[in-house]
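2 protein chains.
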Amino acid sequence: MTHPTVEWQGSLETGVVAMIDQTLLPGRLKILRCREVKQVWEALRTLRVRGAPAIGIAAAFGLVLAVRGSRARGVETFLSEVDRQAKYLAGARPTAVNLFWALDRMRKTARQHVSEPLPKLKAALLREAVTIQEEDLATSLRMAEHGFTLLRGVSTVLTHCNTGGLATARHGTALSIVYRSQELKRPLKVYATETRPLLQGARLTAWELLEAGIDVTLICDSAAASVMREGRVDCVIVGADRIAANGDTANKIGTYPLSVLAKEHGIPFYIVAPLSSFDPELESGEEIPIEERAGEEILRPFGKLIAPPNVKTYNPAFDVTPAKFITAIVTERGVLHPPYTRSIQRSFKDRGEA
Amino acid sequence: MTHPTVEWQGSLETGVVAMIDQTLLPGRLKILRCREVKQVWEALRTLRVRGAPAIGIAAAFGLVLAVRGSRARGVETFLSEVDRQAKYLAGARPTAVNLFWALDRMRKTARQHVSEPLPKLKAALLREAVTIQEEDLATSLRMAEHGFTLLRGVSTVLTHCNTGGLATARHGTALSIVYRSQELKRPLKVYATETRPLLQGARLTAWELLEAGIDVTLICDSAAASVMREGRVDCVIVGADRIAANGDTANKIGTYPLSVLAKEHGIPFYIVAPLSSFDPELESGEEIPIEERAGEEILRPFGKLIAPPNVKTYNPAFDVTPAKFITAIVTERGVLHPPYTRSIQRSFKDRGEA
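Protein sequence lines, in the order shown, are assigned to chains A and B. Add 98 to the 1-based position in the first sequence for the numbering used here, that's all there is to it. Add 98 to the 1-based position in the second sequence for the numbering used here, that's all there is to it.
Wrong hints could be hidden among the right ones.
Since the list can't tell identical chains apart, any single copy or any two copies may satisfy a pair.
[To be verified] Mimicking DSSO-like on lysine-lysine, the simulated pairs with C-alpha atoms at most 27 angstroms apart in a straight line are:
{"id": "1", "residue 1": "185", "residue 2": "206"}
{"id": "2", "residue 1": "128", "residue 2": "422"}
{"id": "3", "residue 1": "422", "residue 2": "402"}
{"id": "4", "residue 1": "361", "residue 2": "136"}
{"id": "5", "residue 1": "128", "residue 2": "402"}
{"id": "6", "residue 1": "410", "residue 2": "287"}
{"id": "7", "residue 1": "361", "residue 2": "128"}
{"id": "8", "residue 1": "410", "residue 2": "128"}
{"id": "9", "residue 1": "422", "residue 2": "410"}
{"id": "10", "residue 1": "218", "residue 2": "283"}
Source of the hints: derived by calculation from the structure; they are not laboratory data.
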């Protein structure tokens, strides 16, 4: 992609958070420039920026917008402003843990720089947000390497939702492997599910992969079972919005059924996610809060009403795939295998965080 | 519903095949009046009329339109016209067997009346088409009775696509049970999947059930697994487009994954279909031809492009549910249980057709 998914443009004082407005893709590539934190909050809530890693980055930059103009006299006042704004941004989406993870990093950074004058403290916050973005880029590249090794012998993958450059700083999580396979001249082919209700597969994944010259076939979500049964795909690769300590994984609605179907068809099912998507404080997936979104997303998908307007709806944005259906989890620190409670714990120990 | 799904209106000589144009629902209730067989063929092909039993009825009436003006001098010429037009109509959709079944009945009827003068022969054909329609109505009521008994203790069902009045002469196949439960003041609640790509669940099932005052909740296809996991439904009921001798069942794309998921969640999975949907000549589901439809149905669902226009697509209209995932099959002659090879054979013997 020619534009980064989300980035800071300009100086601390007058700069903006620039992001591709993903709700307008693939019809229109428009860069949204946010000057106020509430614009970032709105962009998060309405999925102008989405994808677990990308919303972490956007929130970090959003926090900088929120406090750069602060005239707090004391450090305590400033820190409580940081906390209040972080809480505000965290309320935009409840499921992906990267949002809270990134905001926590920002809050810690503020505390690490309390002894410095306010302008320096603010500059440290912007530096930290940029670091989060840069680390995400490096993380994508490492996941791509590990994943590519895991997928030796695979020629076609099935994927769900969008886990590409648009879901991260660049490259992606699950799709980073696809991009890497192309670089290495052993390109993977992709079946992409359209991913109702918001059609991230049709609008974003198909668009990204076509732009990159990758062989992609778009299917309805309900055709994935036939695609597996007919032997058209060798494995499933998806991302994650939150992974519990036991490996249970929340991801876009429709992921869980793919995992059940993959098992039924003897096809490996892989999660690709950075460690920032893990929430080791949650014992299992049952504790992950699942965002329920407006029925309008089902009823009026393209501005056009497709059902009786008074019909009841149920629209969970995510589902939880139990660890038992997950063949392996690709992270930036290597591939995790079952039992996940142990392999996840070890990953965090290696990282010095548990 | 105030209008029948499809019916003959008027005399043999000047009458029309009238049908609800289902592509315009729920926005608009328009009655399409066909005077020429090619209009019926087009209506079949573009799903203005759909649902296995309904397309059988429409095709039978279409055949009457096709030959009512015939000036064939000899009976042989007339019969070959009947055969040619039946073949033409049969080409409109390849999967649902009811289409071929109804047209075969019409061809047989023509042969049974060869000794009569042409006007009488034509009148016999119209009578036979009306008989097919009337039998379908009675069949729906009998399936409703058998199904209602089977579903004792069930409070909420999950259904896919549209199997209601709009899919048959009236009442429906799977949904006939829901209507019967309401008549008996023990109403079933319904979760309806929207059924991409053509959204028969959102457009037709939700509309029908709301009109009838039934408690219906619309979900995306990919949310069905969550609905099962959360214990929101007690069983799955769907229709069928063709059932092989071993019980393997072709139905709307997305049915097969529901059967796998039902098994995973310990939920019964029921097929509701008249004997006219069975094709005992096919040993298994592998022999059922699966219609592949235009990618435009995925890319441009409501006239609006939702994906890059040049992306490849794969759009099978049906999938096959293996018999092993089917708890029981409800027919007008009772409930069939596994092993289906035996129970299906017995059903046809009872009927004197095998």
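A quick look at each hint next to the structure:
1. 185 <-> 206: within (14 angstroms within a copy, 75 angstroms between copies)
2. 128 <-> 422: Neither way: residue 128 and residue 422 sit 41 angstroms apart in one copy and 50 angstroms across, limit 27 angstroms.
3. 422 <-> 402: neither (40 angstroms within a copy, 40 angstroms between copies)
4. 361 <-> 136: neither (43 angstroms within a copy, 46 angstroms between copies)
5. 128 <-> 402: Cα proximity of residue 128 and residue 402: in one copy and across copies (22 angstroms, 19 angstroms).
6. 410 <-> 287: Intra 39 angstroms, inter 12 angstroms, cutoff 27 angstroms: inter-copy only.
7. 361 <-> 128: Neither, since 40 angstroms and 45 angstroms both go past 27 angstroms.
8. 410 <-> 128: between (34 angstroms within a copy, 25 angstroms between copies)
9. 422 <-> 410: Neither: 33 angstroms inside a copy, 33 angstroms across copies.
10. 218 <-> 283: neither (46 angstroms within a copy, 72 angstroms between copies)
Violated hints, in rising order: 2, 3, 4, 7, 9 and 10; the structure is consistent with all others.
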